[in-house]
Amino acid sequence: MARNPRGPAKPVDREPAFKDGLLAHVSGGARLLSAKDLKVQQQIAGNHYVGLQIALSFNSEAKRTEIAEVLQGGPAHRAGVLKGDLIDEIDGVTTDGLDVREVVDRLRGLEGTEVTIRVRQAKGGPLRSYKIVRGVLPRQTIEPVRSFGGDRGDTLVAGPGLISYLKIKEIAGSTPRELRQLARTLEDEGAKALVLDLRGMTQAGLHPTILLADDLLDAGVIGRVRSAQRIETYRAEPDALFRDWPLAVIVDSQTTGPAEWLAAALQDNHRAVIVGAQTGAVFGRTGELLDGVETAVPVADSTWFVEMPTGRLERADGRPLASPPVPMGPTTRRRQGYIGNERREGGVTPDVVVALPGPRLILPGVATPDTKPVPVPGGALDPAPAAALQRLREALKLPPIAPRTDAADRVTQRDEVQP
Amino acid sequence: MTRLLAVPFLLALFTADPAPGAALASRSRQPVALAFSANRLYVANARSGSLSVIDPDTSNVVAEYDVGRSLADVAPLPDGRHLLAVDRAGDALVLLDLRDGDARVAARRDVSPDPTRVVVAPDGATCAVASTATRRLTLVTLQTSDDPPALTITGTLDLPFSPRAMVAVGGWNKLIIADAYGGKIAVVDPKQGTLESVHALPAHNIRGLALSADGQTLVVVHQVLRRLARTSFEDVHWGSLLSNHLRILKVDAVLSAHSDSDLLRNSRLLDLGNTGNGAGDPSAVVFDRDGGVAVALGGVDEVALGRGPSARLHPVGVGRNPTALAVDRDGKALYVADTLDDTVSVIDLPTGLWRKKITLGPRPEPTPAERGERLFFSARLSHDGWMSCHSCHTDGHTNGLLSDTLGDESYGAPKRIPSLLGVGATGPWAWNGSIERLEDQVRKSVETTMQGKPPTDDQVAALTAYLAALPPPRSFGPPSDDQAVARGRAIFETRKCAECHAPPAYTAAGKYDVGLEDAVGNRRFNPPSLLGVGRREPFFHDGRAATLEDVFLKHRHPRDAEWTDREAADLTAYLRTL
Numbered sequence: 001m002a003r004n005p006r007g008p009a010k011p012v013d014r015e016p017a018f019k020d021g022l023l024a025h026v027s028g029g030a031r032l033l034s035a036k037d038l039k040v041q042q043q044i045a046g047n048h049y050v051g052l053q054i055a056l057s058f059n060s061e062a063k064r065t066e067i068a069e070v071l072q073g074g075p076a077h078r079a080g081v082l083k084g085d086l087i088d089e090i091d092g093v094t095t096d097g098l099d100v101r102e103v104v105d106r107l108r109g110l111e112g113t114e115v116t117i118r119v120r121q122a123k124g125g126p127l128r129s130y131k132i133v134r135g136v137l138p139r140q141t142i143e144p145v146r147s148f149g150g151d152r153g154d155t156l157v158a159g160p161g162l163i164s165y166l167k168i169k170e171i172a173g174s175t176p177r178e179l180r181q182l183a184r185t186l187e188d189e190g191a192k193a194l195v196l197d198l199r200g201m202t203q204a205g206l207h208p209t210i211l212l213a214d215d216l217l218d219a220g221v222i223g224r225v226r227s228a229q230r231i232e233t234y235r236a237e238p239d240a241l242f243r244d245w246p247l248a249v250i251v252d253s254q255t256t257g258p259a260e261w262l263a264a265a266l267q268d269n270h271r272a273v274i275v276g277a278q279t280g281a282v283f284g285r286t287g288e289l290l291d292g293v294e295t296a297v298p299v300a301d302s303t304w305f306v307e308m309p310t311g312r313l314e315r316a317d318g319r320p321l322a323s324p325p326v327p328m329g330p331t332t333r334r335r336q337g338y339i340g341n342e343r344r345e346g347g348v349t350p351d352v353v354v355a356l357p358g359p360r361l362i363l364p365g366v367a368t369p370d371t372k373p374v375p376v377p378g379g380a381l382d383p384a385p386a387a388a389l390q391r392l393r394e395a396l397k398l399p400p401i402a403p404r405t406d407a408a409d410r411v412t413q414r415d416e417v418q419p
Numbered sequence: 001m002t003r004l005l006a007v008p009f010l011l012a013l014f015t016a017d018p019a020p021g022a023a024l025a026s027r028s029r030q031p032v033a034l035a036f037s038a039n040r041l042y043v044a045n046a047r048s049g050s051l052s053v054i055d056p057d058t059s060n061v062v063a064e065y066d067v068g069r070s071l072a073d074v075a076p077l078p079d080g081r082h083l084l085a086v087d088r089a090g091d092a093l094v095l096l097d098l099r100d101g102d103a104r105v106a107a108r109r110d111v112s113p114d115p116t117r118v119v120v121a122p123d124g125a126t127c128a129v130a131s132t133a134t135r136r137l138t139l140v141t142l143q144t145s146d147d148p149p150a151l152t153i154t155g156t157l158d159l160p161f162s163p164r165a166m167v168a169v170g171g172w173n174k175l176i177i178a179d180a181y182g183g184k185i186a187v188v189d190p191k192q193g194t195l196e197s198v199h200a201l202p203a204h205n206i207r208g209l210a211l212s213a214d215g216q217t218l219v220v221v222h223q224v225l226r227r228l229a230r231t232s233f234e235d236v237h238w239g240s241l242l243s244n245h246l247r248i249l250k251v252d253a254v255l256s257a258h259s260d261s262d263l264l265r266n267s268r269l270l271d272l273g274n275t276g277n278g279a280g281d282p283s284a285v286v287f288d289r290d291g292g293v294a295v296a297l298g299g300v301d302e303v304a305l306g307r308g309p310s311a312r313l314h315p316v317g318v319g320r321n322p323t324a325l326a327v328d329r330d331g332k333a334l335y336v337a338d339t340l341d342d343t344v345s346v347i348d349l350p351t352g353l354w355r356k357k358i359t360l361g362p363r364p365e366p367t368p369a370e371r372g373e374r375l376f377f378s379a380r381l382s383h384d385g386w387m388s389c390h391s392c393h394t395d396g397h398t399n400g401l402l403s404d405t406l407g408d409e410s411y412g413a414p415k416r417i418p419s420l421l422g423v424g425a426t427g428p429w430a431w432n433g434s435i436e437r438l439e440d441q442v443r444k445s446v447e448t449t450m451q452g453k454p455p456t457d458d459q460v461a462a463l464t465a466y467l468a469a470l471p472p473p474r475s476f477g478p479p480s481d482d483q484a485v486a487r488g489r490a491i492f493e494t495r496k497c498a499e500c501h502a503p504p505a506y507t508a509a510g511k512y513d514v515g516l517e518d519a520v521g522n523r524r525f526n527p528p529s530l531l532g533v534g535r536r537e538p539f540f541h542d543g544r545a546a547t548l549e550d551v552f553l554k555h556r557h558p559r560d561a562e563w564t565d566r567e568a569a570d571l572t573a574y575l576r577t578l
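Line by line, the protein sequences give chains R and X.
Each residue of the first sequence is one higher than the last, beginning at 1 in our numbering.
Each residue of the second sequence is one higher than the last, beginning at 1 in our numbering.
Read the hints as simulated data drawn from the structure, not as lab findings.
All values reported here derive from a predicted model rather than from experimental measurement.
Be careful, since some hints might not be right.
Just a few of them, taken from the derived set where beta-carbon distance is under 7 angstroms, the chain X residues facing chain R [said to hold, decoys possible]: (1) P202; (2) E234; (3) G308.
No residue lacks a Cβ here, since even glycine has one placed at the ideal position from N, Cα and C.
Just chain R, with the same shape it has in the complex (with noise of 0.2 angstroms):
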């Protein structure tokens, strides 16, 4: 057999034979990924991304790779580096005839070594060049939130106070530090409750998500991973956050995967009360699967790997998390304004259901969907954490919010009465 003298082949040689004869028939789907492009995945997931902190795109026109962001705080940010910049030269390469894999490939590189760069704006001007250092540019996965709005004005206050509340936005190798750091805080700021809103979190990392658990459980099981060799169970170490507070977690229908196990965990070893709709009745593409555990698996001595399903979740009593898909008619599908085609039961049946608007279209490539308010028709604010509030304020025996009205007649709840 004779050798390519150019060397092994690209990923996209390859992909459409492993597409259509290997991967494709994998259960829940695989991916072959280089070594180096796993990598970079471990940084993300990490959240330890080492680069520029920009985002590329191809401009067809110009024949140029295009910097469509530049995320603000990071290297090229600071170096002066714009949004709308054409890559013409890499550390003194022209980058004719590149596109923008080979581009993101030259631009990667250990942390703390330099970069030199010439852009142009796309629309015309002069050829600018920038030395930059490569570095990290760490994303805030936990958001606290403050107040919510309603359309008639409405508005519900959360912290400082008694009650915290905080958005994960996505659970990623940082989530455990943050959510340490963000306890201390709140501890000093006198808070004795807290909500987390897990809503709309469809991808979040298994092992941080066990880390995560273990912070929030003093002992106790967290859960299962059944793969093909053996269960694995997951048990929470003596010690955790929080301790004594009442806490309350938010889940919508999109609420799956590792972090729809975390709420099912906490709801297990009754930590928390559940608030809003039944979890996992997202509805995917056909043999995804929801809560399967992805590893990447080395193959070609490691030069390569498969990322495909090893494991399924389970809670810890072994319940599957979610029952096996079920195909959706085409009619459901329309009227629902789904893509996908099949559906799941199971998942974690909150403690406190709340009506909450219908899960929204899932794209492929979205991660989680915007964290602002959701508006209710009819102004009414937003139930599920109004919910998870009032049931926090029963367990801290605090009153019911009692909702005041002011001077330009708006109505105003907030949750600052001492007990």
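Got chain R sorted already, so can you dock chain X onto it with the hints?
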């Protein structure tokens, strides 16, 4: 055998005449404890076994006395005229008379081997000595007014763990004693000599205890190694694997606890480190006169200061490996023992500004093993300074916990951290015996476990020299039941244990399947050395055997072997003498 050699040494010390003001010898000292008495600061040195005396007004070393083979602690008596020193290698408690500006050895008493700490009762009439490796507390009365002064042992108490940090509460009502390696906390009644309770904190390497002025709050500095985390860059970077803490406990919760979680009632856990500076190896904690707190961060050469235990702490740079703290009598300065620099750093209170550094004396160029020792205790070897080798291999031994490293080339099967005492003689290394050279294991640990920058060849050579020089664990004196031990030795021979655990190190070079399988399917393991095995529970690669007896009776080691209760008792009695 050890005792015979000690006697002539003891005589020499009793008659030695310390020479204050004479030129200080060039030697390695390693200050590990500090105590003020009258207008002097006394520094106990572990390597030289000497006591350095500093005049805080002039910041000069005014004298140095050879007191023992290796000093671990020093404590003043309330009369201001006596000092107690703990001779760790000499297994003794030493009473010193401070008269006319001199320190003379007034009395010595042998205590349970490996003493590391002494706590004196407020009335100065009794004290308690913790012996780490022999797991014993010795209670001693001090008759200082007698002529000659006498130290009399009134009782000993066996503890179910290796004790180290200790604090007396309510005067001399109770002693709170912490584990040297893991997280156990014992409450002892020193007057009755009884053990009241033992519980566990989710912690390890408890290196400092401090009581608030009102006696109601106990501050503990320790580390946490999470069993569910991995030694991946992600977990190390975000402090999810190894973290460093200050824990605030309520004294009455500790004294009245009925369960482990009772200890944590009304307690608070604070992080000492953060991304960028992990604050590795908190080694000591002390309250100042205004309720402020100071924590020595041994791995990053800093002391963190704050207005109170709950306040944010700010770091101040000091010398290498600070492990002891003392506030001066006016409360205006904090003295820090820089153990591996042979200096004492001084920090101004309450400004928190570094004032000066006092050198204890000249010392020779460090040997490669000494340079290796500095690296072993340095958290700067790891990414962001979260941990040093010592964080898991406490003092060269083990903290007894499990860690999920790539030692077995995979994640998912956490393994017991092995002891490194005597490691030079127990190759090949790693649980699966895959590492042929100690240098390679050192490199691997620094790069893949500690996620540190690749160490230089010099650093690897130094660390390897240090490890190779670590002696195997001491065995202590004649056993309690000679007959059982003799029967146990016979069983060891007839059952051919030596095929895998061959003397003198009780290990072998091969990998064997003894009926154990780890979580990812590995079955062949390199047998660990059995030296010091009696004090290294739990056992097996994943710690599944809680006691030595369980190894045989519960887990039928090896390969489903049959053991009677009697056989197990005899064999374990023999193994405990190794």
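Here's how the hints hold up against the structure:
no. : hint : result
1   : P202 : holds, 4 angstroms
2   : E234 : holds, 3 angstroms
3   : G308 : violated, 12 angstroms
When the structure is compared with the earlier hints, a violation turns up for hint 3 alone.
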